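For this one, chain U is given, so just place chain W on it according to the hints.
Protein sequence lines, in the order shown, are assigned to chains U and W.
In terms of numbering that gives the first Met the number 0, the first sequence has 221 at position 222, counting the first letter as 1, and numbering is strictly consecutive.
In terms of numbering that gives the first Met the number 0, the second sequence has 105 at position 106, counting the first letter as 1, and numbering is strictly consecutive.
Since the hints were derived computationally from the structure, they do not count as laboratory data.
Please read all numbers here as calculations on a predicted model, not as lab measurements.
Using N, Cα and C, we set each Cβ at its ideal position, and we do this for glycine too.
A few of these clues could be false.
What the hints assert, rightly or not - Sample of chain W residues at the chain U side, in silico, Cβ under 7 angstroms:
| id | residue |
| --- | --- |
| 1 | Arg-86 |
| 2 | Pro-89 |
| 3 | Leu-96 |
| 4 | Tyr-129 |
| 5 | Ile-180 |
| 6 | Phe-183 |
| 7 | Gly-198 |
Letter by letter, the chains look like this.
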Amino acid sequence: MFRRLFLAAAAAALLLPGAPSAQERFITVASTTSTEQSGLFRHILPIFTAETGITVRVVALGTGQALDVGRRGDADVVFVHDRVAEERFVAEGFGGPRRHVMFNDFVVVGPAADPARVNGLRDTNDALRRIAEARAAFVSRGDRSGTHAAELRLWQLAGVDPAAGRGQWYREVGQGMGPALNTAAAQNAYILTDRGTWLSFRNRQDLRIVVEGDARLFNQYGVMLVNPQRHAHVKVADGQRFIDWILSPAGQRAIASYQINGEQLFFPNATQPEPTS
Amino acid sequence: MNDLGAAAATALNLVLTADPAVAQIVLLSLRVSFSALLVAALVGLPLGALLAVARFPGRGSILTVLNALMGLPPVVAGLLIYVLLSRSGPLGPLGLLFTPGAMIIAQAVLITPILAALSRQVLEGLWEEYAEQLRSFGAGPVRAVPTLLWDGRFALLTVLLAGFGRASAEVGAVMIVGGNIEGFTRVMTTAIALETSAGNLPLALALGMVLMSIVLVVNALAQASRDFATRAGA
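Here chain U stands alone, though its shape is the one from the complex (with noise of 0.2 angstroms):
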């Protein structure tokens, strides 16, 4: 009996409808949780797909990591937002070269309440000095993202050591930007976040945006090729066919529709040129 059983359990694994075959044309990107988390690849990806018939497998990781990611070799296209790592990936000829995608911004929300008393402010300098000053809790993704990587900018244009207040009003989650927003949410503190996710996000509790459209909230979404001559096995024609989708006026019009109650969160910026940040 217990045989038959575990013979049929063993059928079972193997008979339970599958993988899709191995013939199937896939690429795998490494891009960031933003991208993932606020929808924009359930929507743009299957109009991809449709018009060339190649799938597309997101790993949806900070941007440190996604850049990592590529630098093994474990994907064939890198779609990330920390323009200075990026420039850094392509100069150690991990990949290459990179194109500007499309852009949104970064926003600070922070509590109701508003104990540093920033709500409505545009100068993010003079935000984060006072929520310094104030010593109130702000969450920081602490993961060497693209998010984390503008916020610890930000606070050195301030002119603010974060690393201060570390264990204190200063609060370093180490993960996604879901994550260190419910952290945020649940304690009442300050985060900057992007504004897709902030859109998409549902768990807001008490939390709202308090600082928004200074200039250095801009945030730049940037697509790159894994340099095939460091890994043989990546799709080079797939893979340039997808970046030359993304950046082609198909592509970017895609991008353009993806909207959240009425309001879009991705503006496609590849023919333009290069913003200043």
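Okay, now just chain W, sitting in the frame of chain U:
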């Protein structure tokens, strides 16, 4: 309380409408965890039986290591498999990273020590009872292994369920080696983690309830088959 109510309603809705995305995730979860269980059983159970009957120098150390490995953190197992399967790793040419195959390997690595250590304990008691009898048939320790596994099959079912439970419940390893790719390597636990990330707590909880129900059904089926077999005197 409100959240729990909403979650229960969502869960019921997901099951009743047989939501195709959820169904695919459920089937992949079952496929991965049962495959891992199969692989782990083929290695772990004979190893446990052998350790139950054989006496050799170093046996105590092996048992200690096995017991310690029962507590192997999934994220560590995942990281280890990741480094091995990465294109830059020794097994990179297989191209297994970010596939269900990698997830099966990771779960099998996690639960093989559990199956070996628990079956060793279960079978050792049995061996003490039967040792004389089996020896009188001229069976040496190694020859006794299949007999012991067969005679201990009902107790081993519980061991297998423990392994299956651990495999289907873990998230750390499959998240790292599977990549949680929608429609390809997304399983119940990584889907729950993702929905939690998106702040969609009712849906995350609902998926959790679906997962718990599946584990319950698997356990009930195992229990029923054991009862049936016991009554049939098999």
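Verification of the supplied hints:
1. For Arg-86(W), the shortest C-beta to C-beta distance to chain U is roughly 4 angstroms, which falls under 7 angstroms, so the interface hint holds.
2. Here the hint on Pro-89(W) is broken, as its CB sits about 13 angstroms from the closest CB of chain U, past 7 angstroms.
3. The closest approach between the C-beta of Leu-96(W) and any C-beta of chain U is roughly 5 angstroms, which is under the 7 angstroms cut-off, so the hint is satisfied.
4. The criterion of a C-beta within 7 angstroms of any C-beta in chain U is not met by Tyr-129(W), whose closest approach is roughly 17 angstroms, and the hint is violated.
5. Look at Ile-180(W): its Cβ gets to within about 5 angstroms of chain U, closer than 7 angstroms, so that hint holds up.
6. Given the 7 angstroms rule on beta carbons, the hint for Phe-183(W) holds: about 6 angstroms separates it from the nearest Cβ of chain U.
7. Satisfaction of the interface hint for Gly-198(W) is found here, the shortest Cβ-Cβ separation to chain U being roughly 3 angstroms, below the 7 angstroms cut-off.
Consistency with the previously given hints fails for numbers 2 and 4, ordered from lowest to highest.
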